[in-house]
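K.L.:
The primary structure of each chain is shown beneath.
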Amino acid sequence: MITKKEIVEGAKERDVLAMFAFMLLACLAIALDHRHGVPIFIASILIIAIAVSFLKRDRVRIAGLLAIVILSLFSIGFNGVKFGIDFSGGVRIPVLLETSVSADVMEDMVSTIKTRAAAFGLTEVKVRPIGDSEIYVELPQSSPQLVRDVETVLSQQGVYQGVVDGKVAIRGDDIYTGTIGRVPSQYLQGADWAVSFTVTQGGAKRFSQTVLGKADYPLYMFLDRPDNAIVVVSEKSLMNHSKSAGGQVSKSRALELAVNSLKLEGADIPVYIEEDIAGNFSIAPTNNRTKAIVSANSTLMPKLREAGFVVVEKSDEEMSLEYQVSQSSPASDAVSVWKAVGLLSSPRLAKSVTEGVPSFSYLINGAAQGDTAAARAADALKKERELESILKGGALPVHITLGSKTLVPAPLGAEFLRLSLIGIVFSLIAISLMVALRYMHPQIVLPMICISIAELIILVAILGSFTIDLSAMAGILAAIGVGIDAQIVVTDELLKKEEEPRKRMEKAFTIITTSVMVAVVAMLPLLLMSGLVEIIGFATSTILGSLLGLFISRPAYGAIVEHLFE
Amino acid sequence: MAIDLPNIYNGNYRLLMAVPIALVLLSLIFIPGVELGVDFKGGTMVTMQANQSVDEGALRAALTDAGFEVSSVKSLANPAGYEIEVEIERDGNLTRAEQLKTDFFSKIDEVSRLESDVMATNSSPDAVSKYMEARKSVDGMADGLFEIAGMPGNASGYPGTNELKATAGVVYRKILDENSERLTQTLSRNVQYESASFNQVSASLSDKFVERVVAVVIYSIIIVSIAVFLIFRTLVPSLAVLIGAACDLVIALGAMGLLGIPLTLASFAALLMLVGFSLDTDVLLTMRLIKRKEGTARERAYEAMKTGTTMSMALLLSFSCLFILAMVTHINTYFEISAVALVGLVGDLIATWMLNAPIVLSYMEKKGDAGKEEKPFLSSIFSG
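Chains as they are written, first to last, in this note's numbering: chain X, 55 to 620; chain U, 18 to 401.
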């Protein structure tokens, strides 16, 4: 029997103390470093699980389970439990990629979709990669108009505009998209990277006329440049990257460059400094559709709304300007990146293209950054891809198909969640009653139920760190039954009187280990190879439930019950 | 022990096998009747939330009049009022449009390159003829799209490929929009719904689902078989375990056909899980039978059955909760998973204890019940 004395002694053991100390440290880390709460939580669980499977001592096993349960409760409290739109309400549109892509390309695609959605004013859109061939686009609201907007963003290309000195020099329609491509390294002529493209006859004519005599001027490359808009930028965003490679940019020069970059005949985007207009607010929209592009953290938002602007929120990173300046030719100084307004790059015009002779083929090249040759090559490739994507109107590198969209009204989602939680409680009660009837001994039944609850807490904490959707919830319910199963195997084995308990435990674990292995193996292809996101949550929770049980809770249960039989 | 079952293995246990064999044969009759869900056959599933029920027949007639091929209309009570579910078959025109669009966009870049060649070579006859030929084929695809959209368009009338590309994109979008517009209008005229969710599975998407599911099935079969053979390292027990799992799947599929549970991604996942459950009890039985020596083989089989049925009871209970939850909420994912799990677990009880057990028992008794206890390699890694 487990006595109070034994618990006290167990707690004094060095390994047990170390485990709890580690757990407290992990809790502290989660509380302090909120941004990395989830990775810290998962890593700590893994470390404890590994420690438990190596130390293989009863007290350590029980302590390990306790530590993980406390850690899980802590994570639920601090990191929270995230629910999919099935429960929180909203719209989800899966985007299926025709082929699987590398992590880099996936990152590019996610950021392209985000940028393009933001250009559409869809700032609440969440875009996240799922595996290597699928992307989820989620909206917290479920209005059909928003859904259509997102679908438009995904299925149509963006509008590319190249602006020189306030005039459109080149448009996306002028470029033969089939000809946009990276230049092989042997033709680079000193540059680190280059992208070439061919323009139509009309495009060549317009370009050569517009850029006539403007050597060294920046070509502002916009993707989905907003029209009928103003932009309100804070001093911080303006000066964030003021120290560029070519030298320091002063505040007045920065503002001048910002204004220049947004000049376009008849469609200038006026630039205001947040701090300047905060005290003396006197700007008014041209009409009721005029957009005000502003940082999501700005305190001016209510005032802008009041004044009748359509407020478009951007993140601070998108609001920040990057510059390229040079001492030798101030005419080429420019804002190089300003994502909030769709300005993505601003290469300088070479003298040869500004002499009035129309040409069909053009080339944009540049230098790469990085300390090692490999880093420079990677940077060059990244820049080439970026530029290609801009010229193609933000087209995604692989062909996409829109998956089946799911739309859940928020109150219904909340109701589903409530009922599902009730379902879990009922399932626990029903199973508890069943084992109580089957075994009759409180010393067996109570630990069984406690372990099931512990498993449930851990499972919810881990899955909730990512997202619990409908299929994951079904998996959690199933995991309750699966979890109790292995404990039944252990109990039945221990109830036999033939051999010593240790031997019987070993036999029980042989069975459990084998069956967990085959069950996991059966589900593994679904988890790893299918990319069927709709049901991956289910596969994850069943597999996770089985593994948790095998490595953590069943050894602990065995340790507890074994003591009861001694 | 509160629950005690009689030892069914005393006497001629081989007769037990008649039950699962009959059940499997019966199931084979019903398997062709398994309905494919929207995920696999394509089409549109609209789920509406409304305050009042609707006349299913009238809604069906209205949709048919609007040119939709309706496969089912259901009106069910749920916690927030009524849920109205409409399933519409894959639209032939949409499938054709999607195909044309995919073909068009995969070729258009090549054509645009050829067009630029024409310019670059100052209209050399060779470049021009190549361009014209390629252009003709994409023009055909674009004309197909225009025709489906009901637009008087002539693709060859577009001077450059860029204009044609832009128009084709817009036209395809228009085809999709018009279709969903027509559907939304028909629905809103007939149902006073508060919210509606459209689950549209295009032809290429459902093909992709089928392709992936088939791959998953093949991989699962292969690695499960390898795992089982590695664990038991003897032919008959390994085969018995695999046969048990296969029978369970056949019975589950048969029940799906009989009870009208559609095969969707969710029920597919449940079937895979069933393989795991089925192996779980099969492994318990086979381990206890061939790797132990206490008592007679029949006694061990009986003891294993007691443990195994308790385990199945626990699973049946938790999936019953999910099933009840599905009945209350009408969440299809819950229903499909729990219904498949319930029928499969019953099937597993029958397949394991009436088919698998007799096979292994008779193998043991033929061998002379002298199985040596050997420790499988896996347990030495994980158990204490």
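Bear in mind the hints are in silico, worked out from the structure with no lab data behind them. A virtual CB, placed ideally from N, CA and C, is assigned to each residue, including glycine. Be aware that one or more of the hints could be misleading.
Calculated lysine-lysine pairs in the DSSO-like style (CA-CA distance at most 30 angstroms, straight line) [said to hold, decoys possible]:
| hint | chain 1 | residue 1 | chain 2 | residue 2 |
| --- | --- | --- | --- | --- |
| 1 | X | Lys557 | U | Lys323 |
| 2 | U | Lys124 | X | Lys557 |
| 3 | U | Lys225 | X | Lys180 |
| 4 | U | Lys153 | X | Lys345 |
| 5 | X | Lys436 | X | Lys268 |
| 6 | U | Lys323 | X | Lys550 |
| 7 | X | Lys557 | U | Lys310 |
| 8 | X | Lys259 | U | Lys153 |
| 9 | X | Lys180 | U | Lys310 |
| 10 | U | Lys225 | X | Lys550 |
| 11 | X | Lys550 | U | Lys147 |
| 12 | U | Lys310 | X | Lys110 |
| 13 | X | Lys550 | U | Lys384 |
| 14 | U | Lys383 | X | Lys550 |
| 15 | U | Lys225 | X | Lys259 |
| 16 | X | Lys557 | U | Lys147 |
| 17 | X | Lys290 | X | Lys259 |
| 18 | U | Lys308 | X | Lys110 |
| 19 | U | Lys58 | X | Lys436 |
| 20 | X | Lys317 | X | Lys405 |
| 21 | U | Lys147 | X | Lys259 |
| 22 | U | Lys124 | U | Lys91 |
| 23 | U | Lys384 | X | Lys557 |
Away from chain X, derived, C-beta distances all over 10 angstroms, residues of chain U [as the list claims (entries may be wrong)]:
| hint | residue |
| --- | --- |
| 24 | Leu45 |
| 25 | Leu53 |
| 26 | Val87 |
| 27 | Ser88 |
| 28 | Met330 |
Quick look at which bits of chain U chain X covers, simulated, 3 or more residues with Cβ under 8 angstroms [claimed, not checked]:
| hint | segment |
| --- | --- |
| 29 | 65 to 74 |
| 30 | 117 to 129 |
| 31 | 156 to 169 |
| 32 | 240 to 247 |
| 33 | 337 to 349 |
K.L.:
Evaluate each hint against the coordinates.
P.N.:
Checked hints:
Proximity of Lys557/X to Lys323/U is assessed by CA-CA distance (about 21 angstroms); at most 30 angstroms being required, the pair is judged to hold. Annotation: proposed proximity of Lys124/U to Lys557/X is violated, straight-line Cα distance about 69 angstroms (limit 30 angstroms). The suggested pairing of Lys225/U with Lys180/X holds, with an alpha-carbon distance near 25 angstroms, which does not exceed 30 angstroms. A threshold of 30 angstroms between alpha carbons decides the hint, and for Lys153/U with Lys345/X the separation of about 44 angstroms lies outside it, so the pair is violated.
At roughly 28 angstroms between alpha-carbon atoms, Lys436/X and Lys268/X fall within 30 angstroms of each other, so this suggested pair holds. Note on Lys323/U and Lys550/X: the hinted pairing holds, with a Cα-Cα distance of about 13 angstroms set against a maximum of 30 angstroms. This hinted pair checks out: Lys557/X and Lys310/U have alpha carbons roughly 14 angstroms apart, not beyond 30 angstroms. About 27 angstroms separates the Cα atoms of Lys259/X and Lys153/U, which keeps this hinted pair within 30 angstroms; it holds.
Between Lys180/X and Lys310/U the alpha-carbon distance is near 59 angstroms, which puts this suggested pair outside the 30 angstroms criterion. Only pairs whose Cα atoms come within 30 angstroms are accepted, and Lys225/U paired with Lys550/X is rejected, the gap being roughly 51 angstroms. Among the hinted pairs, Lys550/X with Lys147/U is inconsistent with the structure: their alpha-carbon atoms are about 84 angstroms apart, more than 30 angstroms. Among the hinted pairs, Lys310/U with Lys110/X is consistent with the structure: their alpha-carbon atoms are about 27 angstroms apart, no more than 30 angstroms.
Of the pairs offered as hints, the one joining Lys550/X and Lys384/U holds, with about 26 angstroms between alpha carbons and a cut-off of 30 angstroms not exceeded. Restraint check for Lys383/U and Lys550/X: the C-alpha separation of about 27 angstroms stays at or below 30 angstroms, so the hint holds. The suggested pairing of Lys225/U with Lys259/X is violated, with an alpha-carbon distance near 46 angstroms, which exceeds 30 angstroms. Of the supplied pair hints, the one linking Lys557/X and Lys147/U is violated, its CA atoms being roughly 80 angstroms apart against a limit of 30 angstroms.
This hinted pair does not check out: Lys290/X and Lys259/X have alpha carbons roughly 41 angstroms apart, beyond 30 angstroms. This hinted pair checks out: Lys308/U and Lys110/X have alpha carbons roughly 24 angstroms apart, not beyond 30 angstroms. The suggested pairing of Lys58/U with Lys436/X is violated, with an alpha-carbon distance near 40 angstroms, which exceeds 30 angstroms. Pair hint Lys317/X plus Lys405/X holds up; C-alpha atoms about 22 angstroms apart against a cutoff of 30 angstroms.
Note on Lys147/U and Lys259/X: the hinted pairing holds, with a Cα-Cα distance of about 25 angstroms set against a maximum of 30 angstroms. About 43 angstroms separates the Cα atoms of Lys124/U and Lys91/U, which puts this hinted pair outside 30 angstroms; it is violated. Proximity of Lys384/U to Lys557/X is assessed by CA-CA distance (about 26 angstroms); at most 30 angstroms being required, the pair is judged to hold. Consistency note on Leu45/U: stated as away from chain X, and its beta-carbon is indeed over 10 angstroms from all of that chain's, at 23 angstroms minimum.
For Leu53/U, the condition that its CB be more than 10 angstroms from all CB atoms of chain X holds, with the nearest at approximately 15 angstroms. A cut-off of 10 angstroms between C-beta atoms confirms that Val87/U is not in contact with chain X; the least separation is 18 angstroms. Listed as a non-interface residue, Ser88/U keeps its Cβ farther than 10 angstroms from every Cβ of chain X; the least gap is roughly 16 angstroms. The beta carbon of Met330/U sits about 6 angstroms from the closest Cβ of chain X, which is not more than 10 angstroms, so the claim that it is off the interface is violated.
As drawn, the segment 65 to 74 of chain U meets chain X at 1 residues by the rule of a beta-carbon pair under 8 angstroms; below three, the given contact is violated. Requiring three or more residues with a Cβ within less than 8 angstroms of a Cβ of chain X, the coverage given for the segment 117 to 129 of chain U holds, as 8 such residues are present. As drawn, the segment 156 to 169 of chain U meets chain X at 0 residues by the rule of a beta-carbon pair under 8 angstroms; below three, the given contact is violated. Coverage of the segment 240 to 247 of chain U by chain X holds. Counting CB-CB distances below 8 angstroms, 4 residues qualify, and the rule asks for three or more.
Evaluation of the coverage hint for the segment 337 to 349 of chain U: fulfilled, as 8 residues show C-beta separations to chain X shorter than 8 angstroms, against a requirement of three.
Consistency with the previously given hints fails for numbers 2, 4, 9, 10, 11, 15, 16, 17, 19, 22, 28, 29, 31, ordered from lowest to highest.
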